[in-house]
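Asks: So the protein sequences, as listed, match chains A and B.
Quick note on my numbering: the first sequence kicks off at 9 and runs consecutively.
Quick note on my numbering: the second sequence kicks off at 22 and runs consecutively.
Some hints here could point you the wrong way.
[What the hints assert, rightly or not] Here are the computed distance ranges between Cβ atoms for each label pair:
1. Gly92(A) x Glu249(B): 55 to 61 Å
2. Pro254(B) x His314(A): 27 to 33 Å
3. Ala296(A) x Gln216(B): 55 to 61 Å
[Said to hold, decoys possible] Below, a sample of chain B positions facing chain A; criterion: calculated Cβ distance under 10 Å:
4. Ile126
5. Ile136
6. Phe180
7. Asn184
8. Gly226
It is worth saying that the hints were derived from the structure and are not from the lab.
A virtual CB, placed ideally from N, CA and C, is assigned to each residue, including glycine.
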Amino acid sequence: MAKMMYRDAIRGTIFQEMQRDPRVVVLGEDVVGGMGTAGGPEAIGGIWSTSTGLYDAFGPDRVIDTPISESAIMGAAGGLALAGKRPVAEIMFADFIGVCMDQLWNQIAKFRYMFGGKSVCPAVIRMPCGAGYNAAAQHSQMISQFVTSMPGLKVVMPATPADACGLLRQAIRDDDPVVFLEHKFLYAMTGEVPDDPDFVIPFGHARLARAGEDVTIVASGMMVGYAETAADDLAQDGVGCDVIDLRTTSPLDEEAILDSVEATGRLVIVDEAPPRCSLATDIAALVAGKAFASLKAPIEMVTAPHTPVPFARELEGAYLPSPAKVAAAVRKTLEYR
Amino acid sequence: MQLNREALTRAYRQMKLIREFEERLHEEIQTGEIAGFTHLYCGQEAVAVGVCEHLSERDKIVSTHRGHGHCLAKGCDVTGMMKEIWGSQEGLCNGKGGSMHIADIDKGMLGANGIVGAGAPIAVGAALSNKIDGPDENGRLAVSIAFSGDGACNQGTTFEAMNLAVVTKAPAIFVFENNHYSEHTGDAYAVGTAQDIASRAEAFGMKVWRADGTDFFSVYDTFGEVLEFVRTPGNGPAAVEFDTERFFGHFEGDPQRYRGEGELDRLRATRDCLRKFREKVTGAKLLTDDDLDTVDADALQAIEQAVADSRAAARPQPENVLENVYISY
Chain A
9 MAKMMYRDAI RGTIFQEMQR DPRVVVLGED VVGGMGTAGG PEAIGGIWST STGLYDAFGP
69 DRVIDTPISE SAIMGAAGGL ALAGKRPVAE IMFADFIGVC MDQLWNQIAK FRYMFGGKSV
129 CPAVIRMPCG AGYNAAAQHS QMISQFVTSM PGLKVVMPAT PADACGLLRQ AIRDDDPVVF
189 LEHKFLYAMT GEVPDDPDFV IPFGHARLAR AGEDVTIVAS GMMVGYAETA ADDLAQDGVG
249 CDVIDLRTTS PLDEEAILDS VEATGRLVIV DEAPPRCSLA TDIAALVAGK AFASLKAPIE
309 MVTAPHTPVP FARELEGAYL PSPAKVAAAV RKTLEYR
Chain B
22 MQLNREALTR AYRQMKLIRE FEERLHEEIQ TGEIAGFTHL YCGQEAVAVG VCEHLSERDK
82 IVSTHRGHGH CLAKGCDVTG MMKEIWGSQE GLCNGKGGSM HIADIDKGML GANGIVGAGA
142 PIAVGAALSN KIDGPDENGR LAVSIAFSGD GACNQGTTFE AMNLAVVTKA PAIFVFENNH
202 YSEHTGDAYA VGTAQDIASR AEAFGMKVWR ADGTDFFSVY DTFGEVLEFV RTPGNGPAAV
262 EFDTERFFGH FEGDPQRYRG EGELDRLRAT RDCLRKFREK VTGAKLLTDD DLDTVDADAL
322 QAIEQAVADS RAAARPQPEN VLENVYISY
């Protein structure tokens, strides 16, 4: 085990996988940074510090600094993957998915199916996402609802440095396209990460972050930490919560959710995205359909409101879920008679 | 560039096979037996064949919605393709793709595409892969080709792909087939650079070529020069624009009310690549009319057989809908 930041777990895992497999290729805007400038290559090393040092170690053929051309990045990732490489593409902000949706949704996600299963598309699309930096409406969004709804994609939302490592390694080694949603606010989070260079976390297996008997809280990404804080506060008052960290939203660990709800009878879903047609509504529908008889109270959803992400600190604070909002939802479901 | 009898016969057969494939589909689609949207390549055969006759399986191509010609020219199985268009479980894509999504990765055919302009970035990705793989024992790079038309040349994806290829020196070739119609709109209206696509590629910093796309020899010789340039490590991408013609509508069923009086008859009489090929090779006494008639009969027989096989081929079952995607809910 080594203590490291979430961003370093990502960079280190890419580095190890590039060393292990010559087919692994990195591409994206400013993943090298400084190309064509007085400062020269690696003057920046990626704006998230998730690709620092890769160019010096692996060179320009495998660490491809691209112009600001998201469609070309996404499409090239698809072409590299069809041609037998294992690209790890970075879309600098997940919000920019709007610029390159066709290449993700109509191309990468569909190759294997459209081609009758006769091709694979082992592309990893890393998308730094989420709010918390007052970056306003076009640099702060949670896009899990879009990508989770697209058949053909796998969608990963690591909540800890160890998960960032194990899930990213699985993503790179996986033969299907994977959208890897890194929460920008978690980059500086520190935690223990296994040293094993083959440490992988299989997709579709949720993590029980807290165990309790009274209420089930389902969360993903940065929301897991909020749920844990809420659960710890509630424990002081004798309320026990299961906190289920989904880890991957597609495939979804339905069993973990249903088993927990069958035991507790009460469910709170925490989702950073707006409330309509979201992971929260999807999971609520799942539980209503398959664990209806277990429910002792209406399902509570703690989500962003149905608005764009606002700029001002006070507004963004009001927009995002919070540990206090999660705790309030837990109390509400417990008060239901 | 002088081709021997065998190479000439092969090129003619490929063009004829595409022609018969498409002419037959044009007939069959009218009976209602074939489902979906189909876009025929008739008239443009010299481009696909003049390009692909130069390529090996290491080289990759990415095609368009009008992709049957590219697929056949790159070596996709004619019966497998026909079965796919028939929607058979035995089709190249098990009936999952249809006319617009035919692919054969092993042959270097990375997919037709239903989205105009979507292919160019994918082709650049494949070219970047070729660059990583490096030159072969003869010091030559494998290339990756984006077939695009005068419609796709107006898509931002194509611009992004051209710039990315230039800045990364990717061994990509942008083949623009200007058939003068993007769907139902003329290039005189839609291509702002005075109907000239190659100048756009030139503006992105590429060396460009232009040639008559209805003359196989013009395509073949020109593309040979393009290929010689792009296979050389360090040169990066290039582009070529072929002036060609589309003998059918945008899609099958298109009433083509945008065509001029007698336009299609005139094109078939003066711009038919197969007719031109025959005139040239018989005039130069490289092949005889008998030689070519034999190829014609052989191509027709191959299509007859492919259609018969497609009619008899196994249909997909409802449970097949859930296959080939990693998880089904």
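Asks: For every hint, state whether the structure bears it out.
Replies: Results of checking the hints against the structure:
Restraint check, Gly92(A) to Glu249(B): a C-beta distance of roughly 25 Å breaks the suggested window 55 to 61 Å. Distance hint check for Pro254(B) and His314(A): the Cβ-Cβ separation is about 54 Å, which falls outside the suggested range of 27 to 33 Å. Hint check: Ala296(A) to Gln216(B), Cβ distance near 59 Å, so the stated range 55 to 61 Å holds. Satisfaction of the interface hint for Ile126(B) is found here, the shortest Cβ-Cβ separation to chain A being roughly 5 Å, below the 10 Å cut-off.
Hint on Ile136(B) holds. Least Cβ distance to chain A is approximately 5 Å, under the 10 Å limit. Evaluation of the Phe180(B) hint against chain A yields a held restraint, the C-beta minimum of about 8 Å falling below 10 Å. Satisfaction of the interface hint for Asn184(B) is found here, the shortest Cβ-Cβ separation to chain A being roughly 6 Å, below the 10 Å cut-off. Here the hint on Gly226(B) is broken, as its CB sits about 12 Å from the closest CB of chain A, past 10 Å.
Consistency with the previously given hints fails for numbers 1, 2, 8, ordered from lowest to highest.
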